[in-house]
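Residue numbers (my numbering), protein chains in the order written: chain U, 4 to 334; chain Z, 4 to 334; chain Y, 4 to 334; chain W, 4 to 334.
Some clues are possibly wrong.
Each pair may be met inside one copy or between any two copies, as identical chains are not told apart.
Computed cross-link-like contacts, DSS-like style, restricted to lysine-lysine with a CA-CA straight-line distance of at most 25 Å [stated by the list, open to error]:
no.	residue 1	residue 2
1	Lys9	Lys36
2	Lys226	Lys269
3	Lys36	Lys97
4	Lys248	Lys171
5	Lys7	Lys36
6	Lys7	Lys97
7	Lys97	Lys85
8	Lys226	Lys171
9	Lys147	Lys9
10	Lys112	Lys226
11	Lys226	Lys248
12	Lys169	Lys248
13	Lys147	Lys7
14	Lys169	Lys269
15	Lys9	Lys97
These are calculated hints, taken from the structure and not from any lab test.
Just so it is clear, the structure is predicted and the values come from calculations on it, not from any experiment.
Residue-level listing of the chains:
Number of protein chains: 4
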Amino acid sequence: MSNKIKVSIIGVTGYTGTELLRCLLQHPEIELKYLVSRQHEGTPLSELFPRLSHIEGLNITNTAHDTVANDSDVVFLCLPHKAAQEVAPSFLGKTKIIDFSADFRLSDKETYERYYNIEHHHPELLDGRFVYGLPEIYRDQIAKADAVANPGCFALLVQLLLLPFKDKMDGADVIAISGTSGGGRSARDPVDHPFCSQNIRSYLVNNHRHTPEILATSGLDEKQLNFAPTVGPFLRGIFANGFIKSDSSANLSVFNNHPFVRVVDKVELTNVVSTNFVDLNYTQGNNGEIIAQGALDNLLRGASGTAIQNMNIMFGLDETLGLQFNSPIYP
Amino acid sequence: MSNKIKVSIIGVTGYTGTELLRCLLQHPEIELKYLVSRQHEGTPLSELFPRLSHIEGLNITNTAHDTVANDSDVVFLCLPHKAAQEVAPSFLGKTKIIDFSADFRLSDKETYERYYNIEHHHPELLDGRFVYGLPEIYRDQIAKADAVANPGCFALLVQLLLLPFKDKMDGADVIAISGTSGGGRSARDPVDHPFCSQNIRSYLVNNHRHTPEILATSGLDEKQLNFAPTVGPFLRGIFANGFIKSDSSANLSVFNNHPFVRVVDKVELTNVVSTNFVDLNYTQGNNGEIIAQGALDNLLRGASGTAIQNMNIMFGLDETLGLQFNSPIYP
Amino acid sequence: MSNKIKVSIIGVTGYTGTELLRCLLQHPEIELKYLVSRQHEGTPLSELFPRLSHIEGLNITNTAHDTVANDSDVVFLCLPHKAAQEVAPSFLGKTKIIDFSADFRLSDKETYERYYNIEHHHPELLDGRFVYGLPEIYRDQIAKADAVANPGCFALLVQLLLLPFKDKMDGADVIAISGTSGGGRSARDPVDHPFCSQNIRSYLVNNHRHTPEILATSGLDEKQLNFAPTVGPFLRGIFANGFIKSDSSANLSVFNNHPFVRVVDKVELTNVVSTNFVDLNYTQGNNGEIIAQGALDNLLRGASGTAIQNMNIMFGLDETLGLQFNSPIYP
Amino acid sequence: MSNKIKVSIIGVTGYTGTELLRCLLQHPEIELKYLVSRQHEGTPLSELFPRLSHIEGLNITNTAHDTVANDSDVVFLCLPHKAAQEVAPSFLGKTKIIDFSADFRLSDKETYERYYNIEHHHPELLDGRFVYGLPEIYRDQIAKADAVANPGCFALLVQLLLLPFKDKMDGADVIAISGTSGGGRSARDPVDHPFCSQNIRSYLVNNHRHTPEILATSGLDEKQLNFAPTVGPFLRGIFANGFIKSDSSANLSVFNNHPFVRVVDKVELTNVVSTNFVDLNYTQGNNGEIIAQGALDNLLRGASGTAIQNMNIMFGLDETLGLQFNSPIYP
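Chain U extracted, bound-state conformation (with noise of 0.2 Å):
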C-alpha cells in the first residue's frame, strides 16, 4: 500500500490549475486522487489537454466533496474568489486544504469588501487558521497549518522584492509588469491576441486587489505605496521595478536558507520562466532611493510552485521536491 500523499485538485481546467496538475505529474511523493471540474465532468483529458492525451488513467470528475475530503490528504482549490469560500468549509477540518483564491488571504472582511466590492460570506474563517502560503516568511507556521491561503502573483513579487527593507521604508513606488496568463482563462480584461500582442497598458492603478497583501507584510501604510499593475505583450512571467525610500541598506539575510530566491546581478524574465525561482536585485539610486527589480513565473513562483513549497512544508518533505526543474527553457 503506498504510503503517497493523496493529493486531488478541485478546479483543475484553470491556468493555475492545469501549470499544478503539471507539476504534480513529476512530484516523487503523491499520488493524484482526484481532478474535479463540475463543468468538465467525465470529458476524456486528451479532450480537454491534448497535450496531456499520452496519460491513461487520470479523469475528471464531479465527485462530491465528502468523498474528496475523506480521500485525500491535501486538497487544492483553484477556484475563482468567492466560489472558494463556498466550498472552503466543505473541506476545513477534513483534510488539508491550499487555496488559490482571495478567499482568505486577507485577515479583515471589511478590506476584502472594499478591494474584492462583493460581500465575504464566511467571516469567521478570516481568523487566522488560513496561514497566508509565503514560504519566505510564514514557513514555521505553514508547517503546523491545515489551511494554506496561497498568495497573489503580483503580491508574492512585490513583498518578496520589499523584503529586505521590511519596517525600514517610508514608501515605495513600485510598477509590475504580467503575462496575458495572469489574467486567468477567464480574465476579466480582454487578451485577445490581437489586442495584447504589440501593447502595454497599466489598470487598476492604485487599486488592484493584490494591494492589501503587500502592505500586510511590508510594513508600509497605504499612503506610503504607489502600485501600478501593468500588462505586456508576452505569455509568462511578472517584471517589477520599484524604487524604495529608505536610508538603510538591503537585509538580504531575510533569504537564507531560502532556496527559490535569487538575489542577482541582472534582472531578466527569460532567467525565471519556467521555473520556480524569483530573481531579485537592488542597487542604490541617485536620489537616495533604491532601484529594486525582480521577476519571476507567475503561473509557478506566483500560483501553483508556491502551493507545492507548501504542501511540501506541511508534509514536512524537502521543499523543492517536485519543483527541481533547475533551468528554465531556453531560449
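Since chain U is already given, all that's left is putting chains Z, Y and W on it; use the hints.
This is chains Z, Y and W only, laid out in the frame that chain U set:
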C-alpha cells in the same frame, strides 16, 4: 520647375533612415534628391527594401557631399554618433541640416565625452548653432535654425512626460520600456528573436546616454533623477512610467497648440504606434507624488516623425504635413 | 458645395470597419457621412477608438437606413454574414453598396447554405446583381455595378495565387496561414493571447467557407483542391503556399495593369503588411508541379483595401486613391 | 563509487548544447563530467547562463580531448558541421559519441559536399560506423552503436511524418515552419526580433540541407519531393504540413512501442513545445492525396531530446529516462 523642398538623406538604410524615407514618400511638399549610402551604393532599392519594389526612379548613390549640399535644400543625417560629427561640417552653412545622431544634442564636450566615451572632434560646433529639435519646447528657435539636432527617442518621451512639472519637481523616478527596434539595425545589445521575444530587461540604469538630454530640459539635476531604460518583447514603441515628486499640479498648458501631444485618460502603446502622437496621462499618487505615464512610437515620433516636424517648421510649413496618419494601424 | 463622394459605414466597430475608417480618413475624394453602429450609438469615438481621440466631428449614430441611403453615394456594409442579408435590401437600388459579408458572394443558395449552415433569406438577390469584388478579374463589371460583394480574405489571396493557371490546372494543394486578426473582433475560434502567441493550428481543412469562392474563379472542381486554413502567432497578414499541378507556365500577363499585385523574387509577410499589395512568386517544383507563394495584409488588401479599390472603380476614380501607403511600416 | 554514466558535452554554449545540459540536469542515471567550450573556458556558468546561477560545481573548461575521452562514457558533440568532423576522430573508438552535426548523417561524400558546399575531410568515416540516430527506425542499430549521428530537426519531423507511407508514395509536397531558435545561436539567416517577430518567409526551397536525410528514409527520390523550409514568428517548434501522393492508407503500426510519437486528432504547436513528443495526424484529401500534419519542439525532440533517447538506448536504459516532462508548459 518644381518649387518643392529638395531633400536628401545620408544613411538611408538604418531603421530611422528607412522610416524617414517611408514618411517622406507621403509628404506633399518635398522632392527626394539623393538617398546616400556608402555601403549600399548601387544596390537596387527593391533588393534593399523589397517592400518598396513597386517604386521606380529611386536609387541608392554615394554622391559626393558637395554635390548633395549644392542640390539639396535640407539634408537629413541618419548616421550613428561619431560618424555624424565627421560628416556634418561638409554640409553646415551650405544647406539646412537635421541630424539624427547624438553628436550635436549636448552643449558641452565634457558631458558628451563622459556619456559616449569617445572624444568629440568638433567641440567648436557645440556653440549653439545646432538647435535641439524638440518642437514642444524650441519651436521658435527651430523655425530660425539652419541646423537641428533631433532628440533621442527615450529622451523625447521623458522630456515631454516631465514638461508640465518643469522647474517644479524635487525629483523623478522613471522607467521606460522600448520595443526591440529601439536599438537600431546594428544594435550593440542583442535583439535576436529567441533572446527577446519573451523577455524584459533593463540596461544602463542611471547611465543611459539620453540622460543628459532629459536633465537639460527638466530642471532636474543628476541627483534628482532615476532612469531605468528597459527593453520589452515588442517591435515598436516606448511606454514610460514616472513617479514625480512635486507639490504642484501638472501645467498642461505647455501642450497648447502642439498638435502631436494628446493628454488622455489612459495610455496604451497601441494607441500611438504607427502615429506621430505622444500620449500622456497624470494622476495623483498615494504618497503625494504624481504617477505619470506616456507613450510614443520610437521610430516615428521618437525619431523620423519629429525630424519631419522640424523640417516643416524650418521651412514655414504646417507642422503636421506628411505626418497625418491620423489613425494608427490596429490591430 | 462639396462634390466629394458621400460615404457611410454600417458596422464601423469591427476590425474591418475600423480599418476601413482608418483608410477613408486618408482618402482625398470622400466625405464621411454616417458611422453607424446599433450597439455603440452615441459612444464617443475617443472611447471606442482611443487612438482617434484627436479627431473631432465624427460620431457613432444609429441613423435609420432610409436616411443613410438617401444621404450617401455609397454604403459599406461591415456586418457578419446573416446580418448583412437582412440589411442589404434597405439600400439596394437606393445607393451603391459594398458588402463585406459572405451573403452575396456566391451565386447559388445551395452552396451558401451548405458552407454557412444557415438558410439564405434572400436567394432572389443571388441573381448577379452583386458583382464579385475582385478587381483583378472583374474590374469592368465592378465599374458598372451598383452592388459589390467584397471577397473573403483567404479566398482573395488564393484566387490571385492560382489566377495565372486558371483553367490550366489539374489540381492544387494550398495551405494559408493567417494572423489572429483574421477571425474578426468576435471570432468563433479562440484567439486569446496565451492560446495563440506561440501556436500554429489548422482548422476546417477542406471545409472552410471561402472554398467556394476559390473554386468559382480558378476552374478547379471540389475534387481538385485541398485547402488547409491555418492560424499563426502574428497580428496581420496571410502567407499562402500552394503546390499547383499544371503543365503550363504561369500566365503573369493576367496581372498587367493591376497596380496592387507584385510578382516578386521572394514573398515575405513584412513586405505586404500595412500595404494594399499582394506579393506573389512562382517557381518550378521537383515533380513537375509549381510551387506558388503569396502574401497580403488580411485587413487591408484582404478586406478594407479591396473595398476601397472597388469604390474607386465604381466611381471612376484612380483605383489606388486613398491606398497609396507606398511603403509598409517596417520593422 | 558511482556507476552513473559519465557524460561530457563538447560545445555546450549553443542552443542545442544548452538544451542538452538542461535535460541532463534532470536525468537520474548520468553524471556530468566535462562541459567543454574553447571560446568560453573559465567563464562562470552563472555569467554564461544566468538562469543556472543557483547551480554549483559546474565549470566550463577547455579540457584536452584525450582526457575527455578517457574520463567519459559518452561524449555529445554539439558543434557545427565541419567543426564536428575535425573533432570526432579524437573520440572515435575511445568512447561513445553522439554527434549533433550533419557531418556523419549522410552515407556518401558527394551528397554531403553538394548540399553543404564544403569538402568532407573524413569520407572514410562515412562507412556506416555512425548509425543514423532516429530511434523510430533504427533503434536496434542504435542499441549496438558506438557512434550516432543525430538527425536534423526539419528532417526528423518530415521523416516521421512520411514514415507510415514509406515505399508506398508517388510523391510528397511538404512545407515546414520553424521557430526562430531553429537557426541556432549563430544563424546564417537574420533572426533579429524586428525582422522576425511578425514575419513568415521560406528559404532554400528544394535546396535545404536536411533534404538528403528525408530522401534516405522515405523511399522517395529527389524528383518526388518538394520541401519548403519556412521560418515563422515564434520561438520554438516546427509545424509541418504535407500532401502525400499515395493510394495506400497510413501504416500507423510503425509507431507501435515508440513512446514519443502520438497520433492525434489535431496537431498544434503548443501541444508539443517543451516536450519530447512528435504529434502526427493524417486525413484523406479531396484529390486522393493524404493531408499529413506534424509538430515537434525543434530544440528538444528535434535535437537534444532525441540525443538523450539515443544515449538511453545505447546504454540499455529506458528510452524515456530524463525526458519525462510529461506535460508541456502551457500557456
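Hint check results:
{"no.": "1", "hint": "Lys9 - Lys36", "in the structure": "within (6 Å within a copy, 38 Å between copies)"}
{"no.": "2", "hint": "Lys226 - Lys269", "in the structure": "between (30 Å within a copy, 23 Å between copies)"}
{"no.": "3", "hint": "Lys36 - Lys97", "in the structure": "within (16 Å within a copy, 49 Å between copies)"}
{"no.": "4", "hint": "Lys248 - Lys171", "in the structure": "both (9 Å within a copy, 20 Å between copies)"}
{"no.": "5", "hint": "Lys7 - Lys36", "in the structure": "within (11 Å within a copy, 34 Å between copies)"}
{"no.": "6", "hint": "Lys7 - Lys97", "in the structure": "within (18 Å within a copy, 44 Å between copies)"}
{"no.": "7", "hint": "Lys97 - Lys85", "in the structure": "within (21 Å within a copy, 55 Å between copies)"}
{"no.": "8", "hint": "Lys226 - Lys171", "in the structure": "both (15 Å within a copy, 22 Å between copies)"}
{"no.": "9", "hint": "Lys147 - Lys9", "in the structure": "within (18 Å within a copy, 42 Å between copies)"}
{"no.": "10", "hint": "Lys112 - Lys226", "in the structure": "within (21 Å within a copy, 44 Å between copies)"}
{"no.": "11", "hint": "Lys226 - Lys248", "in the structure": "both (13 Å within a copy, 14 Å between copies)"}
{"no.": "12", "hint": "Lys169 - Lys248", "in the structure": "both (11 Å within a copy, 23 Å between copies)"}
{"no.": "13", "hint": "Lys147 - Lys7", "in the structure": "within (19 Å within a copy, 39 Å between copies)"}
{"no.": "14", "hint": "Lys169 - Lys269", "in the structure": "within (22 Å within a copy, 32 Å between copies)"}
{"no.": "15", "hint": "Lys9 - Lys97", "in the structure": "within (13 Å within a copy, 48 Å between copies)"}
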